[in-house]
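For the record, the sequence lines run as chains F and A.
Residue numbering for the first sequence follows this note's numbering, beginning at 1 and increasing consecutively.
Residue numbering for the second sequence follows this note's numbering, beginning at 1 and increasing consecutively.
Hints in this document: simulated from the structure, not taken from any laboratory.
Check the hints yourself; a few may be wrong.
Stated by the list, open to error - Dumping the calculated DSS-like pairs for lysine-lysine here, alpha-carbon to alpha-carbon at most 27 angstroms:
id : chain 1 : residue 1 : chain 2 : residue 2
1  : F       : Lys7      : A       : Lys44
2  : F       : Lys17     : A       : Lys175
3  : F       : Lys216    : F       : Lys194
4  : F       : Lys194    : F       : Lys99
5  : A       : Lys40     : F       : Lys30
Bear in mind that the values here come from a model prediction, so they are computed numbers and not experimental data.
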Amino acid sequence: MESSIEKMETRFSDSKKMLHFFDANCWIGKSNNFTPVSLSKTNEIIEQMDYYGIEKAIVSHVLSRYYHPLVGNEYLLQEINGINRLQGCSVLLPPSTEKIGSLDEYIKNMLSRGVRTVRIFPKSHRFSMEEWSSAVLLGKLEERRIPLFIWSKETEWDSLYKICKNYPRLSVILEQPEEESFWNGRFLFPLLEKCENFFLEVDNCVLYLEIDEVVKRFGAERLIFGTYMPVDDPNASLMLVTDGDFSQREKEKIAHENLERLIEGVVV
Amino acid sequence: MIERAVEDVSIVDAHAHLGYCANFYMPDISLERMVNLMDKLNIKRICCSHLAGLLAHHFEYAHRETLEAIEQYPGRIFGYAIYDPNYPTDSLESVKEYLEMDGFIGIKIHPAMHTYPIDGEKYDPLWKYASDNNIPVLSHTWDANPLATYPYDPRQICAEPKLIGRVAQRYPQAKIIIAHAGGHYNGHLQAIEVAQRYENVYVDICGCTITFGLVEWLVKEIGANKILYGSDLTWVDPRVHLSRALGAKITLTEKKQILSLNANRLFKFNS
């Protein structure tokens, strides 16, 4: 007789196959986070995606975060060139803070090479997200409808609120890796309530019943699937979706449709 | 004809909580919702300590609330009694009183929240009692390396897994569970070293970190027979760590050990 563990193992595996997962938060390059297994190359990430049942992924490069955004972005695009399952995500800075040249030209070039999303790291890269510093960058991203990923540990909640309000056509997607994310709920839920252009990526959404609560109160449209592989265990994000207390239709939206919709809206 | 006993491999959540935490929003901490989710996930038993005794020194209140939960869902909810080293006499008395009652299966300590080191002398009465009476002790542990831990919490110095090693040496009969397998990478390294060295030391995989490859690594380093599944509910969602055990690149036998058999053996659920 099959035990409950075998049943759950089979159910988890089968449920994953029913959804077309598109991972918004994947990284290549040697990680600064020590983990039991070290994966850094594109082929290693693809192998893991196959194992976990993830069809496509948006990837950034570790060098963009820790060495230099523009160098890392270029390195990334060379590494993933020709790999259809991986789509690059550039890490950007306000143009006045680095010799970026014309921001318009940089973004045009980025888009022509398949990039459709951007990440910023204001704390690590030491710049302000206020208007006096980041208005040009945020304005350009809004103009092109390029979704912006930002980590909660890299910003202040008041700044996030201001960005969402000042740039209502900019899709702002919050990610919560590398922190004890369950502390964030009392900031997160009012933001979801007040700002329709504010989204939550599900990696490390470990708070008990958090995902179900977001779907119930704000709709599945506000959640984007992501794993922060290879630092975080993708199983967690996968099961929060496959075994979420919401409909299969809502699971499909979270697994891939919401991200695809935002990307399709980018003005190329 | 001789009938063989059927091995119980129902899922056991060995590390969970009851109650609130003032610092953050908890969508629903009701017992009804918890048991409903357990049913959906095929979790048969859950072992809980109440947060009022961990966050606020109110171990008497915590024990009463835990007992109510046990009585409301007998055979599903089990309890840890909480020992608070800041109130050694009173809390040990309370621990002894509640461990006499049906449904209490172990002792929980939280050296970081109680800001007292695991190997400090105020824990000695507890270790002696637990050791003499063969009662498992679940100890919170966490990495306290400021260079490798995010966010850094100095209280975790009291809860480093390496301190468990000193206790295990002094009390070789004590059955100790290193909670969260040490939290972060440096803590994981310490947890592994201690669990390798001492026979009666176990680790659980729960907590708010979800290190990639941890389950496989622990199985390789200390063996599946020393690893327990825990959720850390009501803080952490039970699907988070259940998925990590079910989806790990290990054998079905190893998954059964982690999700069921080790806890059944430790807490004597089938005897």
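Going through the hints against the structure:
Proximity of Lys7(F) to Lys44(A) is assessed by CA-CA distance (about 14 angstroms); at most 27 angstroms being required, the pair is judged to hold. Of the supplied pair hints, the one linking Lys17(F) and Lys175(A) is violated, its CA atoms being roughly 41 angstroms apart against a limit of 27 angstroms. Taking the CA atoms of Lys216(F) and Lys194(F), the gap is near 16 angstroms; set against the 27 angstroms cutoff, the hint holds. Note on Lys194(F) and Lys99(F): the hinted pairing is violated, with a Cα-Cα distance of about 36 angstroms set against a maximum of 27 angstroms.
Of the pairs offered as hints, the one joining Lys40(A) and Lys30(F) is violated, with about 39 angstroms between alpha carbons and a cut-off of 27 angstroms exceeded.
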